[in-house]
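A.B. asks: Here are the chains, one letter per residue:
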Amino acid sequence: MNYCLYCHEAFYEPVSWRFITRLSEAMPFCDDCSSSFEAINGEFCGICGRSFTLFPEQYRQKHCCTDCIRWEEGKEWSGVLTKNRSLYVYNDFLKQIISMLKYRGDAELIQGFRAPFRKLYKQEFRGMLIVPVPLSVERHYERGFNQAQLLAELLGDEIIVPIERIIHEKKQSKKSRKERLDIKENIFQASKEAEKIKGKSVLLIDDVYTTGATIRQAAKVMLEAGALEVSSMTVGR
Amino acid sequence: MRFVSFFVDGKNRIAPEPLAPRHHHSISTSFYNLHNVDPPPLNEGYSFNTTLQAELAGKLLLLDELSLSLNEVHDHYDHGYIRYNKGIDNEQGKWKCNRCGNNEPRLFASFSCYRCKEMQCVYCRNCIMMGRVSQCTPLVSWIGPSLNWKDRNCESVWEGMLSSAQENASLRLEEKIGVKDELLIWAVCGAGKTEVLFQGIEKALKTGQRVCIATPRTDVVLELLPRLRKVFPGVTLSGLYGGSMDHMDGAQLILSTTHQLFRFRKAFDLIIVDEVDAFPFSYDKTLAYAVQQAQKAEALIVYLSATPDRKMKQRAEDGKLPSVKIPKRYHGFPLPVPHFLWCGHWKKKLKKNKLPGNVMNWINHQLERNRQGFLFVPSVRTLEQIVPLLKEMNPLIEGVHAEDPDRKEKVIRFRNGETPILVTTTILERGVTVPFTDVAVLGTEEEIFTESALVQIAGRAGRSKDDPAGEVLFYHYGKTTAMVQAKRHIEQMNREAGL
Ligand SMILES: [Zn+2]
Ligand SMILES: [Zn+2]
Ligand SMILES: [Zn+2]
Ligand SMILES: [Zn+2]
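If you're matching them up, the sequences are chains A and B in order. Once you know that position 16 of the first sequence is 16 in UniProt numbering, the rest is easy, because the numbers rise by one and skip nothing. Once you know that position 206 of the second sequence is 206 in UniProt numbering, the rest is easy, because the numbers rise by one and skip nothing.
Rather than coming from a laboratory, the hints here were simulated on the basis of the structure. Bear in mind that the values here come from a model prediction, so they are computed numbers and not experimental data. Check the hints yourself; a few may be wrong.
Derived list of chain A stretches under chain B, where covered just means 3 residues or more per stretch with a C-beta under 8 Å from a C-beta of chain B [said to hold, decoys possible]:
{"hint": "1", "region": "104-117"}
{"hint": "2", "region": "143-150"}
Selected chain B positions facing chain A (in silico; Cβ < 10 Å) [claimed, not checked]:
{"hint": "3", "residue": "Y32"}
{"hint": "4", "residue": "L34"}
{"hint": "5", "residue": "R125"}
{"hint": "6", "residue": "G131"}
Ideal Cβ placement from N, Cα and C applies to all residues, glycine included.
So here's chain B without its partners, still in its complex pose (with noise of 0.2 Å):
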């Protein structure tokens, strides 16, 4: 939008074009154009809008994600409690988007403007699906007084028993808390690591700490908020995805996707990143800047991982990276090993409607002894190739993937033992928990089954003490690498735990 910039007793001082005072008489322009952003000093006799405090602070956000009037939203910053900053910034001749930290030049591009009236308005790409930011889009901050939750019980109601791996654990992130630091726990799949944090966390947020929980997928929001509402319930706490209503403005323990942390600044002491490996998370850098830009600068980072890239376990046996690891699984029987299914070309195959035989046998098999299975599949595409297929088969087998609309209805049906087969992409792969599951992939060959992706797959078989033998059936057409891989390091970690 456009803003004018004045003086007010020799100081400057900007307005949204709207709200511009009428005797000053000054030229409109994009917000991009003007060199002094600075509010004024602080008033402290204002009596501030609480309700913009809880919504604003510690976040970076477009006007129009606030709840009040651009006119009451302005008087804040008349007042020295809000800042204007720029959305798109100029580095060196290179565009960089101040919201996501973007600065990819092929995700930038312009249009002519009919806010600022620039010809070529520059916005950010990579970010669009959160309001778009552009060169005269001002992101807003708080730098009023900060929340704080002293009146609130941050008591933990947990009851359940620790192992000693898990308890081991448990106390070396206690130790940690309020010390500015990183620690890498190291928790094979079904380890029970949520747990391990309960203590750590209540400790965090008796202190007054602010506290986020980051997960890649939403699926784990969605899973983890009910336990967490159980175990901290005097905590004001808030559950944030793509598409979420949720807007418990100002908690104190968020859950958050971690593409919902763009939107925070220096905001949390205590960040735990769940499954640190996981695509997108690994892949997409402009993620991990998230997480940086939302950590207060004496934060302690934790990071929750089945599996660490090469890099991080480097840093962590190099004793650069405190860690600590959580071998067994909490029911102490080993991870199933993955067996390989030569399936032949099965594109082609789809292509005529038809799955290959190995396939069909394992579906028709799974459906004659009332055992539940995921099948994963590399796309999107092979999903709603072989879902028609399958449900002629057994109406009830459902196919989900990441934009599904009905996704989280999918998921609870699966999870309540309505659904026999569900077909997934890799969506479901991680932190999703149902008993008596077991596990095919077809297409393991393809590129989109990293190691990291494979074991966190073959971990969502078995995943309770009553169902220990989980199978995990890994359908080909050429083994990779990765494969190959994700065995050995499912046979490694069994070999650690002594199984």
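Isolated chain A (complex conformation) (with noise of 0.2 Å):
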């Protein structure tokens, strides 16, 4: 008997979890919660890894969704993320995960993402170098911990921290569209540790890419830093 991460209901894990993950790992959540999920897989935009199933055709153009061809327009931020590669959908499930870890500080939903961020991470990014988005001081004093670095722990390769937060993070949702398509100060500057990413190819590990903005700002530092080219690998998307 497992008991899921999540609701902690109690379940029997089905027969065949263990060998489609090809895991010794127990099954994390029950079947309720795991068909909740909405893995991204089938057609979805070659830039931000967007799912394209269930996104209306007027949003996309070829490989491309409009959001990312608004980016890769602007001098600016052209080619400033290579990548992003996601787990799931961000749906309302996602988001109640995501918040229980972050605001309530359920750290040990991290371990839901285990199996399938690790296959990730092999699949698409294995031997880049390991970079989690830094949460500011005050924020993570506040949380305890910072998700994306919990996330980038799982993937069991070496971390380092060349970026740090500067500017206090405020709620993504209450600056408008225009505000965060046009950032005049980045949030982030290079650390000390920054020396270490010159000439390497580096993932960037958050929890969710929602706008793109935080990702491409702490992208754009670490190419300034002499990084040769910046991805990045989220739960949510």
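Combine both chains into one complex, guided by the hints.
C.D. replies: Next up, the structure:
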């Protein structure tokens, strides 16, 4: 008998679980919760990794979503982010889990992403330098942990922190879309470890890719510090 | 967080790291690692902050839950008015949460903590919805002078009449006030159990006691709060439930969900536990712990129930638990006896976006003759499948479940008669009163519908003296023992009431 990591209901693991995952790990979420995740597979945006299923035609051009086209149009942001890949659609269920993790502080929920997150890393990004998106000191203290760092630790490879957050987090939702695209001051700056990324491919880790502004700002600082290219991997998109 | 420990006049003192006195060279460490956290003796000359007293007396809170700054709070420690307690303890190699009493190993986890810098800071997952308690989290308690409500007018202005059975129970309660004991008030649904409490509560309040009515459900808090405010207009009253904004701190009379009791410690002289048998109260042993922790050593504990569980019934029958029964519904009509109706493999039907025919007929029937109805379903998932189907029949039909953000409004709309059919999971089964209502249950065979839950659900029908003939229908895919026992239970109650 297992207990669901999220809803705490007792359940029996289907026999197929360990077979499919080829892992000795227990199934973290019950059937009901597991089926509420929408894995991103099939067609998705080649840059930001957004799923194209359930996505109206007019918001895409070939392999790119209109959001990404807008990012790529301007000189300032073009090519800053090589590609992002995410595990799941950021639906209401995932929103609940992420908010339980971040705002209630239930760090253990990270373990529920271990197997798929490692798998995606191996498939797409193996060998890159792992960099969790940092929190400001104030936010980090308030939360007690940085969820991006916990996610990065799941991957089992070395982690470096070549950037630091200098501007306090505001609620993204409170900013207008234009404000988000029209960034004046970068919220990150290079840290003492920035030397280590010179000439290297870097993989940024975060919990969700929402507008892409945070990740692109972090990527830009690292490119300026000499990184060869920057990609990112998140749980939600 | 991290604390420092140092000596003042040969006595051990502690302080949160940011407030560490500069001249003492002491190493910061997780609060958990401190050996002696005792505060200095009470300084009677200190003019303490009465806001802090009101919000903290009788409670156990996180520093984040206090409105004062860390500096102001810690000053009260230095003068012996508060104590820092460990949030997580280790008892014989097992973790224990001092807020919720959880000691189930699988409900603890740890993380590398930026606050205390420990690689593994253990925290409790059981009560995380109330703010994380980890090893380095101190829980603050008040050890200064206690609150008093001497100048308050505690008079009850209730003018209703009690039936003889109610009167009897009311007197039993009144004579127990001030005695360290327990009392079970065993009242059938609709017996009018709330009114039975007023005289006893009044007596307790008048003698300066702090009183709590604890119920498992938010809906009951919401319904009872305005009633109590009317009955005791002079009393400081506070209603607590998950997400409530009411911070009438230091209130004498508290109406709370059982979960919110986790924040109280040795606070109450009288605790009335409503629906003592209800899920999740009987289910979750940590909630029983909450009641135990919230009471003072000399407290009277009153259990209110329509369906006490076997253990409690046994204790009452053996005379170990003082008890009083109110068998008759206040309008003197029998409880509706449920009808069993087979509805086939309804889950399969739902997958094809169809409802069983006889359930459809019932809905149509209700709509045609303009009678409101509750449709109970076993899970939120079923609810989400069914509501869109019913909305096609009548767009005013609504569904509501525990986590529904619009729950309050939906219940009010139903109570106002605007919603013809309210589809719901078991959350509304208790306490919410709406006259002229029929009740149907879909999937009565599901485990969640226990005997006690079904008796309560049946009690939702016909709750007005103008409408004693409410109908109760159990649609099922295979009769269960719980269903049969629930029916027997209701018939038994009707017999006992001489109906
Ligand atoms: Zn689950
Ligand atoms: Zn895109
Ligand atoms: Zn706890
Ligand atoms: Zn800690």
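A.B. asks: Does each hint fit the structure? Answer for all of them.
C.D. replies: Hint by hint, here is what the structure shows:
1. Coverage of the region 104-117 of chain A by chain B holds [criterion: at least 3 residues with CB-CB distance below 8 Å; count 5].
2. As drawn, the region 143-150 of chain A meets chain B at 5 residues by the rule of a beta-carbon pair under 8 Å; at three or more, the given contact holds.
3. Interface restraint check: Y32/B against chain A, minimum CB-CB distance 14 Å, threshold 10 Å, status violated.
4. The beta carbon of L34/B comes no nearer than 19 Å to any beta carbon in chain A, farther than 10 Å, and the hint placing it at the interface is violated.
5. Below 10 Å, beta-carbon pairs count as interface contacts, and R125/B has one with chain A at about 6 Å; its hint therefore holds.
6. Interface restraint check: G131/B against chain A, minimum CB-CB distance 8 Å, threshold 10 Å, status holds.
Checked against the numbered hints above, the structure breaks hints 3 and 4 and satisfies the rest.
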